[in-house]
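Chemist: Just need the whole structure built from these sequences, with the hints factored in.
If you want the building blocks of each chain, they are given just below.
Protein chains: 2
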Amino acid sequence: MNLPHDKRDKKDHILDVAEKLFSEFGYDGSSTRHIASEAGVNMAMLNYYFGSKDGLYKATLERRIKNFREQLVNLNEADISSWEKLHRCIDMYVDRVMNNNCFHRIIQRELSLNQRSETTDFITEILLRNVNEVKRIVEEGIKNGTFRKVDIEMTIASIFGTKYYLINSTHIAALMLNKDLQNPQVMEEEIKPRLKAHLNDFLKAHLTKHDI
Amino acid sequence: MNLPHDKRDKKDHILDVAEKLFSEFGYDGSSTRHIASEAGVNMAMLNYYFGSKDGLYKATLERRIKNFREQLVNLNEADISSWEKLHRCIDMYVDRVMNNNCFHRIIQRELSLNQRSETTDFITEILLRNVNEVKRIVEEGIKNGTFRKVDIEMTIASIFGTKYYLINSTHIAALMLNKDLQNPQVMEEEIKPRLKAHLNDFLKAHLTKHDI
DNA sequence: ACAAATCAATCAATCGATTGATTAGTTTTG
DNA sequence: CAAAACTAATCAATCGATTGATTGATTTGT
Numbered sequence: 007m008n009l010p011h012d013k014r015d016k017k018d019h020i021l022d023v024a025e026k027l028f029s030e031f032g033y034d035g036s037s038t039r040h041i042a043s044e045a046g047v048n049m050a051m052l053n054y055y056f057g058s059k060d061g062l063y064k065a066t067l068e069r070r071i072k073n074f075r076e077q078l079v080n081l082n083e084a085d086i087s088s089w090e091k092l093h094r095c096i097d098m099y100v101d102r103v104m105n106n107n108c109f110h111r112i113i114q115r116e117l118s119l120n121q122r123s124e125t126t127d128f129i130t131e132i133l134l135r136n137v138n139e140v141k142r143i144v145e146e147g148i149k150n151g152t153f154r155k156v157d158i159e160m161t162i163a164s165i166f167g168t169k170y171y172l173i174n175s176t177h178i179a180a181l182m183l184n185k186d187l188q189n190p191q192v193m194e195e196e197i198k199p200r201l202k203a204h205l206n207d208f209l210k211a212h213l214t215k216h217d218i
Numbered sequence: 007m008n009l010p011h012d013k014r015d016k017k018d019h020i021l022d023v024a025e026k027l028f029s030e031f032g033y034d035g036s037s038t039r040h041i042a043s044e045a046g047v048n049m050a051m052l053n054y055y056f057g058s059k060d061g062l063y064k065a066t067l068e069r070r071i072k073n074f075r076e077q078l079v080n081l082n083e084a085d086i087s088s089w090e091k092l093h094r095c096i097d098m099y100v101d102r103v104m105n106n107n108c109f110h111r112i113i114q115r116e117l118s119l120n121q122r123s124e125t126t127d128f129i130t131e132i133l134l135r136n137v138n139e140v141k142r143i144v145e146e147g148i149k150n151g152t153f154r155k156v157d158i159e160m161t162i163a164s165i166f167g168t169k170y171y172l173i174n175s176t177h178i179a180a181l182m183l184n185k186d187l188q189n190p191q192v193m194e195e196e197i198k199p200r201l202k203a204h205l206n207d208f209l210k211a212h213l214t215k216h217d218i
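Chains B and R are the protein sequences, given in the same order. Residue numbers for the first sequence follow the numbering used here, so the first one is 7 and each next one is one higher. Residue numbers for the second sequence follow the numbering used here, so the first one is 7 and each next one is one higher.
Don't read these hints as lab results, they were simulated from the structure. Treat the hints with care, as some may be off.
Put simply, identical chains are the same to the list, so a pair is met inside one copy or across any two.
Said to hold, decoys possible - Think about it this way: if two alpha-carbon atoms lie no more than 25 Å apart in a straight line, the pair counts; the simulated BS3-like pairs of lysine-lysine are:
(1) K141 <-> K59
(2) K155 <-> K198
(3) K215 <-> K141
(4) K202 <-> K141
(5) K185 <-> K202
(6) K59 <-> K17
(7) K185 <-> K149
(8) K26 <-> K198
(9) K210 <-> K141
(10) K198 <-> K141
(11) K26 <-> K185
(12) K155 <-> K185
(13) K64 <-> K149
(14) K202 <-> K215
(15) K16 <-> K72
(16) K16 <-> K59
(17) K141 <-> K185
(18) K155 <-> K17
Modeler: If you want it as structure tokens, here you go:
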């Protein structure tokens, strides 16, 4: 329960706490009272600042999504090989996901609920850009003969699914890897480079045209 | 709202409805009133049959888990190649997951919540068996020289993550694939064989010892 | 064989607790 | 002092759960 220093810090502090609790207990599982007490503020402040619980929820999402948008890079123009594009894309993507794993847990759960809302559509639209970026790179690589012909969509499912498994099935992944995935240092120094290495390694094997 | 014929059918009917709603809205998002009305029974019947909401929840899980246990096959003894073991394992696994995607959505969400409970531990234990089964096959394949040396745990994360992406990120996956993933027939006739083909294809490329 | 007793199944009504939200009043700040 | 920031108290609504009553079928007693 770190006490904030000024107003800006305070709102951000509340958002930090809310994001953490939403990621742990889900939207319905996180009561406004719980969030307020955990953040060390009066319950009414949540409505004062964010209007409603839903407003608070959306605020936690929009804060990250804004950051998301800024980081969107266009690798299309780059005069580099398809391999290099893929390599850089994975590098950026893994960094982004691993550094905001609470946020990604939230949106993952949001997408796994079948109820379609404006929030869901919004998130879907954002994530679809990542998908299409990777898709374009692989398609181009196949077209220019660099890559082997593979099931592109399923390949993408494997790429994105691998990181989903690591950050959304923490319990099992932690037992399997025998690592403490709650520890940020372990994530940063061990898991992140290992995930990058694996994705690059498996994509190399998967996309390379081996002996016919 | 199909009306059941006898008591057994009725309990099963309630479990069917509960499973569907839990998978759609989550545990906290599914009220007992909603479940009861959707199942066409009086609210009190849920407590009468299952003791509590939590009891109903566990009953939905245990019904499938029981089935899970029965399907657990030991591929260890089989006198077949590592490739064949892996192939059969994936085949069984994909079938099982795709045929019970509501159930798998529930347990996946359960694992993504950070709160450890007896239910969580129970599920973790079950799923860990699948992980270890695959792990053993790959380890053995590497040891006897059939497979290339790879990051085993990350490879497993890719296998399980791929299906996870398809059934838990339905919105995005559906847009990416341009398929109706809510349609059971599409899942059965198109997605399932395609996923199997992809997993086998990518694992072949990934685990084969190519030119040194 | 037949009434009495017992049972599981079901219902409407309602319980206390908790939810998100709001109010009216107080303190802080510029 | 006036606006912004904050609080305690309280709101109606909904939550999961329980109650007592009723039904229809089954079992028991004679």
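Chemist: Work down the list of hints and note, for each, if the structure agrees.
Modeler: Cross-check of the supplied hints:
1. Taking the shortest Cα distances, K141 and K59 never come within 25 Å of each other, neither inside one copy (36 Å) nor across copies (43 Å).
2. Taking the shortest Cα distances, K155 and K198 sit within 25 Å of each other only across copies (20 Å), while inside one copy they are farther apart (28 Å).
3. Taking the closest pair of Cα atoms, K215 and K141 come within 25 Å of each other only inside a single copy of the chain (18 Å); across copies the shortest separation is 27 Å, beyond that limit.
4. Taking identical chains as interchangeable, the C-alpha atoms of K202 and K141 lie at most 25 Å apart whether they share a chain (18 Å) or sit on different chains (20 Å).
5. In the homo-oligomer, the alpha carbons of K185 and K202 lie at most 25 Å apart inside one protomer (17 Å), although the nearest pairing across protomers, at 30 Å, exceeds that limit.
6. With identical chains, the CA atoms of K59 and K17 are at most 25 Å apart within one copy only, with a shortest distance of 14 Å there and 36 Å across copies.
7. When the C-alpha separation of K185 and K149 is checked against a cutoff of 25 Å, the pair qualifies only between copies, where the shortest distance is 24 Å, while the shortest distance within a copy is 40 Å.
8. Taking the closest pair of Cα atoms, K26 and K198 come within 25 Å of each other only inside a single copy of the chain (20 Å); across copies the shortest separation is 35 Å, beyond that limit.
9. In the homo-oligomer, the alpha carbons of K210 and K141 lie at most 25 Å apart both inside one protomer (16 Å) and across protomers (22 Å), since each shortest distance falls under that limit.
10. Within a single copy, K198 and K141 get their C-alpha atoms as close as 22 Å, and across copies as close as 21 Å, so both meet the 25 Å cut-off.
11. In this homomeric assembly, K26 and K185 come within 25 Å of each other (Cα to Cα) only inside a single copy, at 21 Å, whereas the closest approach across copies is 34 Å.
12. Only between protomers do K155 and K185 lie at most 25 Å apart by alpha-carbon distance; the minimum there is 21 Å, versus 36 Å within a single protomer.
13. Within a single copy, K64 and K149 get their C-alpha atoms no closer than 40 Å, and across copies no closer than 50 Å, so neither meets the 25 Å cut-off.
14. For a Cα distance limit of 25 Å, the shortest separation of K202 from K215 qualifies both inside one copy, at 21 Å, and across copies, at 21 Å.
15. In this homomeric assembly, K16 and K72 come within 25 Å of each other (Cα to Cα) only inside a single copy, at 19 Å, whereas the closest approach across copies is 49 Å.
16. In this assembly of identical chains, K16 and K59 lie within 25 Å of each other by CA distance solely inside one copy; the values are 17 Å within and 37 Å between copies.
17. In this assembly of identical chains, the alpha carbons of K141 and K185 lie at most 25 Å apart only when taken from different copies (16 Å versus 32 Å within one copy).
18. Proximity of K155 and K17 under a CA criterion of 25 Å is satisfied in neither setting, with 50 Å inside one chain copy and 49 Å between copies.
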